[in-house]
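Engineer: Sequence:
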Amino acid sequence: MESCVYAATRHRTSGRRYADHDRWVHQYRLRRLGWQEGRKWRAEGEGIPKGGHRLVEFPRRGATKLFRLLLCGHRRGPGSRISVRTDPQAQERAFSMKAARRYVLVVVGGLIGIWAMATLGCANEQQQKGHELYGHYCSHCHGATGHQNEGFNWSSMPDPKPKDLSNKSEMGTLKDNDIFNTISRDMKDTSEGGDVIGDDDFAVPTMPTFKYTLSEDEIWAIVGYVRGLHGMKLEFKIEERKKELAAALQTAQANLDQATKTYEAAEKQASEEAEKKNVDVDDAVYAKEMAAMAQAKKEFDAAQAALNNFSTRPGKGTSIARPDLTVKPEQVAKMVELGQRLYENKYGCNGCHSLGAEGGKVGPPLDRAGFRLNGTWIYRWVRNPQAMKPETRMPALGLSDADARAVTMYLGTLRAPKPDAPIEKPAG
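Going by the numbering used here, the sequence shown opens with residue 1, and the numbers climb by one from there.
Heads up, some of the hints might be wrong.
Listed below are the simulated EDC-like cross-link pairs for lysine to aspartate or glutamate, each with C-alpha atoms no more than 20 Å apart in a straight line [said to hold, decoys possible]:
| hint | residue 1 | residue 2 |
| --- | --- | --- |
| 1 | Lys288 | Glu299 |
| 2 | Lys237 | Asp189 |
| 3 | Lys237 | Glu125 |
| 4 | Lys334 | Asp189 |
| 5 | Lys268 | Asp282 |
| 6 | Lys211 | Asp401 |
| 7 | Lys129 | Asp189 |
| 8 | Lys316 | Asp257 |
| 9 | Lys297 | Glu264 |
| 10 | Lys237 | Asp217 |
| 11 | Lys288 | Asp257 |
| 12 | Lys188 | Asp401 |
Label pairs and their computed distance ranges (CB to CB) [stated by the list, open to error]:
| hint | residue 1 | residue 2 | range |
| --- | --- | --- | --- |
| 13 | Lys233 | His147 | 49 to 59 Å |
| 14 | Glu337 | Thr251 | 22 to 32 Å |
| 15 | Ala294 | Glu240 | 45 to 55 Å |
| 16 | Lys168 | Glu125 | 37 to 47 Å |
| 17 | Gln127 | Glu391 | 38 to 48 Å |
| 18 | Lys277 | Gln304 | 32 to 42 Å |
| 19 | Lys297 | Lys276 | 48 to 58 Å |
| 20 | Leu355 | His147 | 43 to 53 Å |
| 21 | Gln295 | Asn124 | 35 to 45 Å |
| 22 | Lys276 | Gln304 | 32 to 42 Å |
To be clear, the hints were calculated from the coordinates, so they are not data collected in a lab. Every residue gets a Cβ at the ideal spot worked out from N, C-alpha and C, and that includes glycine.
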């Protein structure tokens, strides 16, 4: 067997398998690791002559647990002809190397841990938020686990009943955006001659919208939780969406600034020319620039609202002013008829409120709303419930001023006799 000197580590990095040794070994430069033979530094791969006697100095294996020395010379092995002793300086260098490695591993591991905790923390925070919002706004109809006939309000709702959110075969055909748009849609008039409703509309007519109640981030949290009810995960990138909204706002701001400069320049030029001619300024000269600026302002306002609504609830801090509900006598009947249609066919009020024995149980019965509720209060409530009671389960449905007036007029006509039995208290 050819004489050799090998330094082996416990790691298999950059290794080479030698036929003489049934193990992975790595050949190091002795100078690099602080291994000495006598007073002379030995070059890489230089062997020990057969029968030769050499004094080898190296870091003590028991102290460092990093390296071991494989010596091979004579076929019968080195025996007692090889003497070994520790080298304090080399041992100190080995300890420094080991400490440096540990430091690097600790730092890298710490950074990875912080990143993982931040990522996991954000995910857990989003899941917790979705769980709480779903429990507050959705579980009374859809149930805690999304199964049909599980929520306490499910059986009281008019047909069609809410979807089975635990059914993966059906829910799996929907994209994340489909579910989001269902929760954040505008309410549609389902009566004859009302709004056009496509076959792909997922929501039942009695499902309210949360577009005017929750922030976009909160709605995505609900979507993520709903995905978990049928064994799927949210794939939509929420943080990227926020970055896109911020970038869109910057672009809209730049466009508005440019349109404003162009308009001001055109207006100034028109004024100067009119002054030279001693005539009035003709607005039509810069009408095109004025229209472009108005459009840019509209786009800027929309981009700013979209970014604000991503993290902030749309109706937060919005107070509804007291309305003037004066109606001409000849218009009352028509408004009441419109209000009833909106109540039943557009805003799905009967999904949560009952009239007689029909309707949901989430909100209070409205049979006697005309007796116990003030018209001004009804109007302000249906426009923005959260402004009057932040913790209410009733969402803002996006009623316009005209629709709110009509619904208010209709509810004012509901004056059923007082029931003999006490009315069941709503769940929330």
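Engineer: For the pair supplied as a hint, Lys334 and Asp189, is the alpha-carbon distance within the 20 Å limit?
Structural biologist: Measuring from Cα to Cα gives roughly 17 Å; hence the hint holds.
Engineer: Could one say that the CB atoms of Lys277 and Gln304 fall in the range 32 to 42 Å?
Structural biologist: Given a distance of about 41 Å, which is inside 32 to 42 Å, the answer is holds.
Engineer: If I claimed the Cβ atoms of Ala294 and Glu240 lie 45 to 55 Å apart, would that claim hold in this structure?
Structural biologist: violated (31 Å)
Engineer: Is it true that the C-beta distance of Leu355 to His147 lies inside 43 to 53 Å, as the hint says?
Structural biologist: Violated: the Cβ-Cβ distance is about 28 Å, outside 43 to 53 Å.
Engineer: Compare the distance between the alpha carbons of Lys237 and Asp217 with 20 Å, and conclude whether the hinted pair is satisfied.
Structural biologist: Roughly 11 Å between the alpha carbons, so the hint for Lys237 and Asp217 holds.
Engineer: Is it true that the CA of Lys237 sits at most 20 Å from the CA of Asp189?
Structural biologist: violated (33 Å)
Engineer: Using the Cβ atoms, figure out if Lys168 sits within 37 to 47 Å of Glu125.
Structural biologist: Hint violated: Cβ distance 26 Å, outside 37 to 47 Å.
Engineer: Keeping to a limit of 20 Å between CA atoms, is the pair of Lys211 and Asp401 held or broken?
Structural biologist: This hinted pair holds, its Cα atoms lying about 17 Å apart.
Engineer: Quick one, are Lys188 and Asp401 close enough, alpha carbons at most 20 Å?
Structural biologist: The hint holds at about 16 Å.
Engineer: Check the following: the C-beta atoms of Gln127 and Glu391 are separated by a distance inside 38 to 48 Å.
Structural biologist: violated (22 Å)
Engineer: Given the hint that Lys268 pairs with Asp282, does the C-alpha gap stay at or below 20 Å?
Structural biologist: Holds - the C-alpha atoms of Asp282 and Lys268 are around 12 Å apart, at most 20 Å.
Engineer: When you check the alpha-carbon spacing of Lys297 and Glu264, does it fall within 20 Å?
Structural biologist: holds (14 Å)
Violated hints, in rising order: 2, 7, 8, 13, 14, 15, 16, 17, 19, 20; the structure is consistent with all others.
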